[in-house]
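Heads up: the protein sequence lines correspond to chains A and B, in order. Using the working numbering, the first residue of the first sequence is number 1, and each one after it goes up by one. Using the working numbering, the first residue of the second sequence is number 1001, and each one after it goes up by one.
Quick caveat, the hints were computed from the structure, so don't treat them as lab data. Fair warning: this is a prediction, and the values are worked out from it, not measured in the lab. No false leads were slipped in.
Simulated pairs of lysine-lysine, PhoX-like, Cα-Cα distance not exceeding 25 Å:
| id | chain 1 | residue 1 | chain 2 | residue 2 |
| --- | --- | --- | --- | --- |
| 1 | A | 440 | B | 1261 |
| 2 | A | 259 | A | 355 |
| 3 | A | 236 | A | 225 |
| 4 | B | 1223 | B | 1025 |
| 5 | A | 312 | B | 1083 |
| 6 | A | 312 | B | 1084 |
| 7 | A | 36 | A | 223 |
| 8 | B | 1422 | B | 1361 |
| 9 | A | 151 | B | 1302 |
| 10 | A | 285 | A | 407 |
| 11 | A | 26 | A | 45 |
| 12 | A | 126 | B | 1302 |
| 13 | A | 157 | B | 1302 |
| 14 | A | 87 | B | 1361 |
| 15 | A | 236 | A | 223 |
| 16 | A | 356 | B | 1093 |
| 17 | B | 1093 | A | 421 |
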Amino acid sequence: MKRFITTIILVALFLAGPFLAESAFKLPAPEKIVLKNGITVYYLKNADYPLISFQMLIRGAGYAFEPGTVEGIASLTAELMQKGTPKMDADAIAEAVDFMGASLDISAGAESATISAGSLSEHFPKLVEIAADCLINPLFKEEEFAKEQSKRVDNIKAIKDNPGAAVRPYFFKAYFGAHPLGHLASGTESTLKKMTVADVRDFYKKYYRPERAIAGVVGNIEKAKLIEILEQTLGKWSNPGPAAPLSTIPALPKPKGQKLILVDKPDASQAYWILGAPGYPIGDKITPQAAVMNTLFGGRFTSWLSTELRIKRGLTYGASSNFQTWSLGGLFMANSYTKNDKIGEMLDIVLDLLKKARKDGFAAEEVESSRNYLQGQFPQRLETNASKAGTYAMLAFYNLGFDYYDKYLAKVQAVSQSEAKDAATKLLPETDFVLVVVGKAADIKKQLEKYGTWTAKKITDPDF
Amino acid sequence: MQKKLFGFIAALIICAAFLPAAFRKEDIKVHKLDNGLKILLLEDHNIPQVALYTYFRVGSRNERPGLTGVSHFIEHMMFNGTKKIGPGEFDRKMEFSGGANNAFTGTDMTGYTDWFPPAALEVMIEMEADRIQGLLLEPQVFESERGVIASERRMGVENNNDSILSENVRATAIMAHPYHWGVIGWMSDILSWKRDEVMAYYRTFYAPNNAVLIIVGDFESGKALELIQKYYAAIPAGPPPPAVLTVEPPQMGPKQVFIRKEAQTPSFNMVYHAPNCQSPDFYPLSILDMVLLNGESSRLYKRLVRDEQLALNVYGGMNETIDPMLFTIYAKPRPGVDLNRLEAVIEEELGKIQKEGITEKEYQKAQNMIRSDFYFGLQTNSGKAGQLGRAEILFGSYEKLFTQMDNYAAVKREQIQEAANKYLTENNKTVGKLIPEGGVR
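From just these sequences and the hints, can you work out the full model?
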């Protein structure tokens, strides 16, 4: 029953802004540790709580590097790594982690796999031992593969029962087509059914390599002790021979004109949509201007989208926009939902707002408010051990430097009214975009006709 | 439902040696204004940020038929204009000052949660004090916000089969008590709330004597107290709000709910009447919750998801509520699974606990989870403020946060078995099944 969806506040970490001048808060610089096998670890001691958080990124083990024929294999591989080693079977791993009240999660993002772990300090050595065992010695048993594969197929059906959840995978497919950044971590019904456990083993062998691993550790532990623990565990991960270079990800698609997709879900009482267009790559110099601009357009509660769609007209509970960024490029996405008979009215307003932001930009007071907001909300993003550990790993992964935020924050502080407008003109779409609507076609089709020709899909058809 | 945090308190006794210096009862400064407003202040200068939380003793349990969902509606309207601060101004001023906020409504309490840089302390205190008494409920804004709530209900309930089922199951299990309806309220009530009734409800429950104000973070207590005095002291106390008198009668036999609806996947619920959070039985049942439902090694997850592959997920457990509510078991069944079989397997697992209890290892595991989660929850200003507020409203005093560990540590292993036998009984049970149209059973 939250007043508005949390994602509105938690705009991507990269959109975060500077601190107020009075606030001396900075991301503390971590110490660098290099294990004998080459794994780099960034470490910060925090003795305030008896806790330690760990996060490791493995370059290349994400879904953007998987072959399209086995879309979803990166995420399935990550999951199955926690399902058995020669020392411990899946139940033993779950039991050991739960017994400590700890957390261990291996997952696949676009460009990397992520291993996250956290526990009370006293359990940390055991937790790292288990994590390293999963990372170095996964068995990928046929039986576990079959279980997870069929579970994932069913899970896609569950997603399709919820239009608010289903709109996102439909959008990614519509926007990216066969481009690897449009791979769904979950896979699709068709690709999941085609996979074998041999595909999982191949993916693991090719992409999980110590020399591509970068980690962050923050918590109540001395450096010497940490090195000792890590050398005995992750340090035993040996390089399996020369690595094939990572494939090059092609340039991101740029929509020309409008691509419109309508997915029919006959029992939906509300229509859900995402509109997307090209964004910018991670670390790009436009980042501060884009952050100030998007905060105003759709990034917070009083943003234009939220004001016009929710606050003034009561059309929806939530409306927002954000940028997603990768090494090679990014994506702008706006989204909301409303009852079936209002979708045309809502989309008209959204398209008008995009036009208006590009043409007129924002008032000076709005731009000042956006800068203040980004500054004021920044410190809590780095409040916990886990968020610091994750940030160290991420900054190192993208080679941005640990003073990235200090510099970047100063730039946000200086974003002018005209720069905010320029960012809107450059990044907000007017005529070239992809728009996907999931809803009851019988009730909404007529309202959508004026926007152009729609490709029709049914929610019960396989895949997205 | 925020359900687990209090469980974590058990930890304190087990590892008192590790008690974080940043969170001690002695560091909390407690004040009460003449108008009854209770104030908890905890300085923590770790990051340049302040969490200001205001919790009111009001939620859907204080509502009545025709006005269901009104507590939540008022939560929304609290941002929509007072005599002093126009509609939308609260958010605009706050964001201009670098702040953000959220708010939530539950069955038993309504919370307003602000996070802002230290320099915004005065403007935030001023605006929070103002909206305790000055709401306008302007007709046009009222109607617009009604639409927002209707959309929220469509999103949260009507387009979500699991929620449709759990709303039905709860309303079937709970017959008389206001926990019968969900916090969002019935759609027909949402569409017909009257301004004067909403205003009367607001005036009844929004008074300083019905609230607790908590500030945690980078501020100076003396200064904060001065500002609170300045803006809150003149607000008059209200008469004590009416007590909730309805007591749910005992259930006298199992109940069942079936829903048939277009869907690709079924939904499944099984619930039992359970005690409130101040009952001594709350603690053994919370430990049982961990053993049955928390983590991949928990009994129901392992059996239903891992071993027999009957479900994609299983979750639920105890609710922390002022009046007795439900122990819930929600499962997301695999498509095509026999829901009677799913029910039988859950019953079999509950039966094992009733007959044999839990193992020493499971007992220890539950205690470890409780302890670890407690510390992870305490890392942030918001985590601390939230726990203090909930202890104050649900458990009667923030101090309970620091003594509840005794209650957890005092639970003997056999009490968990006793509690399972007392509450998880056939006559106390309601089962719900959402069957995809076309007839998967």
